[in-house]
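Participant: Sequence:
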Amino acid sequence: MSAVAPAPPSTATGHRPASFRPDVEGLRAIAVLSVLAYHAGLPLITGGYAGVDIFFVLSGFLITGQLLKEVGNTGTVDLPAFYGRRFKRLLPAATLVLAFTAIGTWLLLPLTRFKDVAWDIGLAAVYLINWRLADQSVDYLAEDTEPSPVQHYWSLAVEEQFYVVWPLVLLVVGLVVTRARTPLLPTATLGLLAIAIPSLVWSVVQTQNSPETAYFVTTTRLWELAIGGLVACGATVWPRLSPRIGTLLIVLGLAVIGVSFFTITAATPWPGTAALLPTLGTAAALVGGASGRGPVLRALGSAPMLWVGALSYSLYLWHWPLVVLTEQGIFAGRTAPLWATVAAALASFPLAWAGNRFIENPVRFAAPFKRTRNALVLGGTLTATGALLAASLLAVAPGKPTDDTAANTGGARVLLPQESAPGGDAASDASDSPGSGTGPRAVNRVLPARADASAYPAAPQTITPDPLEATEDVPPQYEDGCQVEQDSPEPHECVLGDPEAEKEIALVGDSKAFQWLPALDTWARENGYRVRSNTKSACSFSAALQVPQGKPYPECQEWVAAVRDTLLTDPPEVLVFSGLRDVAQPADGDKPTRKAMVEGYLENFEPLVEEGTTVVAIADTPQPGGKVYECVAENPENVSACDFREKPGVGTPALQATVEELDGASLIDFNDYLCPEGTCRAVVGGVLTYRQGSHVTATWVESLQPVFDARLDAAIAD
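All residue numbers for the sequence shown refer to the working numbering, where the first residue is 516 and numbers rise by one.
Be a bit skeptical, because a hint or two may be false.
Said to hold, decoys possible - Derived PhoX-like pairs (lysine-lysine); straight-line CA-CA distance at most 25 Å: (1) 1066 - 1106; (2) 1110 - 1066; (3) 584 - 885; (4) 1162 - 1110.
If you are wondering where the hints come from, they were derived from the structure by calculation, not from laboratory data.
These numbers come from a predicted model, not from an experiment.
Construct the entire structure; sequences and hints are all you get.
Facilitator: The following block contains the structure:
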């Protein structure tokens, strides 16, 4: 966002240039109040996040206006002086809020958050956090990540990346204007159009293909800043408009902005074409404000609006960590009430005022920092301070001792019946389900004789993986790109097991299927099978249209169809699948149902069964009520406090219904080793069971290998 534009503070500071426009300050007030209201959770203002887009336009308008004036007067841009001014304006408040956030994280947030927040603080300090957020938005390993308390720095990062490039462009423009004697404003306008048009086109394309990344990346946002710059290029023209036209433009612009606040929702693809509403509305208001008259313009420049507008940068910085620390710290594990989030947002006002009064303005207008060199040194010092804050937060994050051999000596193995060797009869007991011998089958659950209570020590000496690193304990094949990301419809088949084997076993599904790949790989190498792995984030292997979080997922449907065609071309001997989704949208577009999901599974698997493929489903793992690894990190001496009562995995009913309709299909279930006697254990035999959501750790899967082998053998043999 840009409440960072160098519009002057308040009247009380006495630092207003003659070019000061009260209506611009009023627009800043509208923008920041909409963002605060949205983040506080106030109903109706569903599009309040569009306030950030308003700030982009205002920033482009104000900064471009300053730079054009400098080029017009001197023929060039003094880059050191420009960045020195930016440092003085931005970094004192930004660094103060980063320090507050680091302390708040240490005091209020779980230990598992320290590492991520530390990285966020470090990247926020150097204005690169938007790229980290863009990467996390499509990374299934980050699916369990809650919003960062410095996530809002993404918009500051976008702006500053723009201002690395734009002054350089104007520097070149100045040279062209001076040497070729071309007019400045038309040349600058062409430069802005060269930025705006490709960026807008890219924004539309990316918003359609990958809205998660499009929201954060700089390239999809440059056009918004450029719109403000284009308005600045016409600064000598707009005052010539009649007051009536100017007033009409102000009213129209504010109306369009208001419509965006109340009609846009979190489900609106953004930015794309939808972001034209607040950005063009802001541009219209800026143009109209140069010549308009009347009560609307006076209201924008009223004392309350001027006061809020002057504090808008600080308000934006302070409000978000206050809201996040309230939600994730004070009300951890439960939903924060509306009064609490509103109170947190309101608390940003006194903090913003104090920061502006005692830190921002004293530094900004201090005599020593009027020298460019000193301002640049200040910028470097404050940036280094941000990095030091990040390092300090990393340093205070404790860890639980780990043992790399835990998977071989403990884990699920502690539940094996003592009279049974790994992979022996007790682990492989299976029988046909009741019914005709030709009907569907399911491998029975085998609940082994439980070991004594020492299998679940209240405080194991070691926990593997370290709960602070649990989200990284994933199948190693993830690094090879074997899990296709959500925004890609293109298959990526990974070959594992014995690559020279004639027999093939395929693995298909989403990340709940992918979590079993290490065990399947080991089994295949020992049994002479080649593994063909095709998995995709959040995409169960059903031909029906899936709608996670209510959003259609056509990339999943395209991917499923492509993988199905590949499998039918060369059917494997065995196919293993699992999945989280239990419902899908019927062909008639009605409400998602389990029936549609099952029919989609059958559409994919029945042709394979006809070709002789044996289909094996793996029951979905139960969903915890919270983050198990986070609980274990907070309760290392009492890990049983993190256990929870077993419930069927979300996707299991659809999996069960599918195998019941398929001849020769089996459902195998390993949840008796995860949730013995109906209680799902956070730690079994020194091994942490859960990572993100209801995914199990790769270490726990490895410890289950004897049981996995025995039950898969039984399913295939049947």
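Participant: Are the hints correct? Go through all of them and say.
Facilitator: We went through each hint and held it up to the structure:
A distance of roughly 12 Å separates the Cα atoms of residue 1066 and residue 1106; the hinted pair therefore holds under the 25 Å criterion. At roughly 19 Å between alpha-carbon atoms, residue 1110 and residue 1066 fall within 25 Å of each other, so this suggested pair holds. The suggested pairing of residue 584 with residue 885 holds, with an alpha-carbon distance near 19 Å, which does not exceed 25 Å. Annotation: proposed proximity of residue 1162 to residue 1110 holds, straight-line Cα distance about 21 Å (limit 25 Å).
Going through the hint list in order, the structure satisfies each hint without exception.
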